[in-house]
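Protein sequences appear in the order of chains A and B. Quick note on numbering: the numbering used here labels position 500 of the first sequence as 500, and the sequence is numbered without any gaps. Quick note on numbering: the numbering used here labels position 87 of the second sequence as 87, and the sequence is numbered without any gaps.
Don't read these hints as lab results, they were simulated from the structure. Treat the hints loosely; a few may be bogus.
Claimed, not checked - Stretch-level coverage of chain B by chain A, calculated; a stretch enters the list once three of its residues show a Cβ under 8 angstroms from a Cβ in chain A: (1) 31–38; (2) 70–77; (3) 80–90; (4) 100–111.
Said to hold, decoys possible - Far from chain B by the CB rule (all over 10 angstroms, computed), these chain A residues: (5) Leu-37; (6) Glu-56; (7) Thr-57; (8) Trp-66; (9) Arg-108; (10) Ala-161; (11) Gly-181; (12) Val-396; (13) Phe-402; (14) Gly-470; (15) Gly-487; (16) Asn-507.
The beta-carbon is built from N, C-alpha and C at its ideal position, and this holds for glycine as well.
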Amino acid sequence: MSLSHVVIAPMLVALVTAIVTLLTRSRPTLQGGLSLLGVVGYAVAVAVLVGDVLSETVLTYQLSNWAAPFGITLVADALSAFMLVLAAVVSLAALAFSVIYVNSYGQRVSYHPLFHFMLVGVTGSFLTGDIFNLFVWFEVMLMPSYVFVVFYSGKAHTSAALKYTVLNLIGSAVMLVAIGGLYSTTGTLNMADMTRRLLAAEEYGIDPAPVLGLAALLFAVFALKAGIVPFQFWVPEAYSAAPAPITAVLAGVTKKVGVYAIIRLYFTVFAAATLPEGLGLPGLSGTSFLAFFGPVMFLMALGSIFLGGFGAVSRPDLDGVFAYSSIGQVGFIVLPLAVGATVPAVRSLAIVAALVYSLNHAIAKSLLFLVSGTVDDAVGAITFDDIGGLTGEMPVLSAGFFVGSLALIGIPPLTGFFGKLLVFQVASDATIAGGNGATLALAAALAGAILTIAYLSRAWKEGFWGETTGAVEGATATPGLVAVVVGLATLLVVVGVGFDPVYQVANAAADAALARTDYVRAVGLEVSS
Amino acid sequence: MTQFVLALVLGILFALGTYLVLRSDVVRVVWGVSIISQAANVYLVTMGGLSGSVPIVAHGGGHGHVTDPLVQALVLTAIVIGFGTTAFALVLTYRTYEAHGTIDLTEVSENT
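The following block holds chain A by itself, in its conformation from the complex (with noise of 0.2 angstroms):
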């Protein structure tokens, strides 16, 4: 057991650097500059937190000193590890871009502080070893989402965030409900503590059926979090009303924090149960808990990746398109972990697929939505009745756009290639397993591959060859806006071209993820048997 104050200081830079940007509001330049340095800090720190996971397998902090189940734990594996980082990269792209592209009447009231706010919800929700606590970090994270969805507070803008803020806080309801519901069941809502007495369930008098019903209402919770179908309607208008760094980052990371809850609490935490008679219910047979979650997600992946794909062939504008394109693309990480909660062979595969393609979409969406405020700032225009012919004008932009598309359609060697062949690789390894469904995952990818194509081609036709509009005519993209976007092109082909590296850590958190009892040892707890 390794104690490590590391492990608290991301969360700590963030709530710093929260605290004194409210602080300097009446010095507006002051106040972006100690922003960026408090998120280049938060990269700092995630950086050195990572290095020492990696060198030290987990690190735990318990809160207080209180030892664990009493206490709240932080646990920070390969798994967080590896979320941290995607965090670290859009949150500092994002950044830079709103210092540039929010007017300065809205950057000094509240974006600053909102955003590192955000950022140390995120943060907990990544490193909290404790089911209520994790309960604590969403809200912390939603709570900044929901005012940055109204922060243009126009007609669109309060609409799209009064359902917004209604639907999360009915799913905040229902998330305590559950947990609540586990903590009865179970007896303790320390995550390490909760792995140890379902893994031997008999022994603490848990009867394992009531947690498999509660973990299924919760699972909905993260779903609502992540957009996977049937709970994506709030996406794209949400996303149409949160100004685009926002948009960036709620894709890129907040989504992401439901994919890990998902990772973390079903292969981690609730795998570890058993339902000795089976499962009892039509058309599923197993007697582990993911044996029903396969099934589930396999559906909820399957509507995601057509809804999403058919839905962003058909918008209008920049912004429908990669919203529906989001719910899409989350479908295309719910399958692999619907593949790998069915077939045990490919299980640890089938994270680092979920992860891999986790970090492309990230960066390559946070990519297509900073090109969207970019073409938004200079034309003042996304839909595509209004913009036409950017590449002529906006050469280096169209360029961003064009490497963000191939990174999510999937040529190599950018990110995204890697994302698309082991999802791939992990139906087809699950067809030759002989899993049940593989060969319709595969198919369903395929198709799925087809309708990223065609809907970032349509964008491209539409909006970046043609005729070039009137709007369009001699409009000029901001050089500083226009750089976020290189740069970020730039670490899509750095990271597909120097893959390996990335590969190897996305393994060692799979494995983190799937390795209970060091799990439940690290944060101090003995595992019986």
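Start from chain A and add chain B according to the hints.
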């Protein structure tokens, strides 16, 4: 008996909250959301078990069988969060009224 009454009350609260959330008037929707979150809080308290005495250690240390105090700490946290979100939802309602001139959700959706 207490369990039966609480289960009934919880059912009524959740039903009432759901009914209000489905109204077209924004204020009622906000009311509905806060009723649902309060119902979740009551539910959380019942999850710690209903037997035992108040979980306060008397002077001198003597206490019998007490109820689980953890859920009460959780509910306290949840109430504080609920307070913040309800306040925000009400301000958002007012802002919606300012932007749209109505708090009827059907009309709000129509003129965006």
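Hints versus structure:
1. For the segment 31–38 of chain B, the stated coverage by chain A holds: 3 residues have a C-beta nearer than 8 angstroms to a C-beta of that chain, and at least 3 were required.
2. For the segment 70–77 of chain B, the assignment as covered by chain A holds, since 4 residues bring a beta-carbon within under 8 angstroms of that chain's beta-carbons and 3 suffice.
3. Coverage of the segment 80–90 of chain B by chain A holds. Counting CB-CB distances below 8 angstroms, 5 residues qualify, and the rule asks for three or more.
4. Check result for the segment 100–111 of chain B against chain A: holds, 5 residues qualifying (beta carbon to beta carbon below 8 angstroms, three or more required).
5. The beta carbon of Leu-37 of chain A sits about 28 angstroms from the closest Cβ of chain B, which is more than 10 angstroms, so the claim that it is off the interface holds.
6. Listed as a non-interface residue, Glu-56 of chain A keeps its Cβ farther than 10 angstroms from every Cβ of chain B; the least gap is roughly 32 angstroms.
7. Distance to chain B confirms Thr-57 of chain A as a non-interface residue, since its nearest Cβ pair spans about 30 angstroms, more than 10 angstroms.
8. For Trp-66 of chain A, the condition that its CB be more than 10 angstroms from all CB atoms of chain B holds, with the nearest at approximately 13 angstroms.
9. Its beta-carbon lying about 19 angstroms from the closest one in chain B, Arg-108 of chain A satisfies the requirement of being farther than 10 angstroms from that chain.
10. The Cβ of Ala-161 of chain A does not lie farther than 10 angstroms from every Cβ of chain B; its closest approach is about 6 angstroms, which violates its non-interface assignment.
11. Not every beta carbon of chain B lies more than 10 angstroms from that of Gly-181 of chain A, the smallest distance being close to 7 angstroms; the non-interface claim is violated.
12. Non-interface call for Val-396 of chain A relative to chain B: holds, since the shortest CB-CB distance, roughly 34 angstroms, exceeds 10 angstroms.
13. No Cβ of chain B approaches the Cβ of Phe-402 of chain A within 10 angstroms, the least distance being about 33 angstroms, so the stated non-interface status holds.
14. The Cβ of Gly-470 of chain A lies farther than 10 angstroms from every Cβ of chain B, with a closest approach of about 26 angstroms, so its non-interface assignment holds.
15. Listed as outside the interface, Gly-487 of chain A is consistent with that label: its C-beta sits roughly 34 angstroms from the nearest C-beta of chain B, beyond the 10 angstroms cut-off.
16. Distance check for Asn-507 of chain A against chain B: the nearest CB is about 37 angstroms away, which clears 10 angstroms, and the non-interface claim stands.
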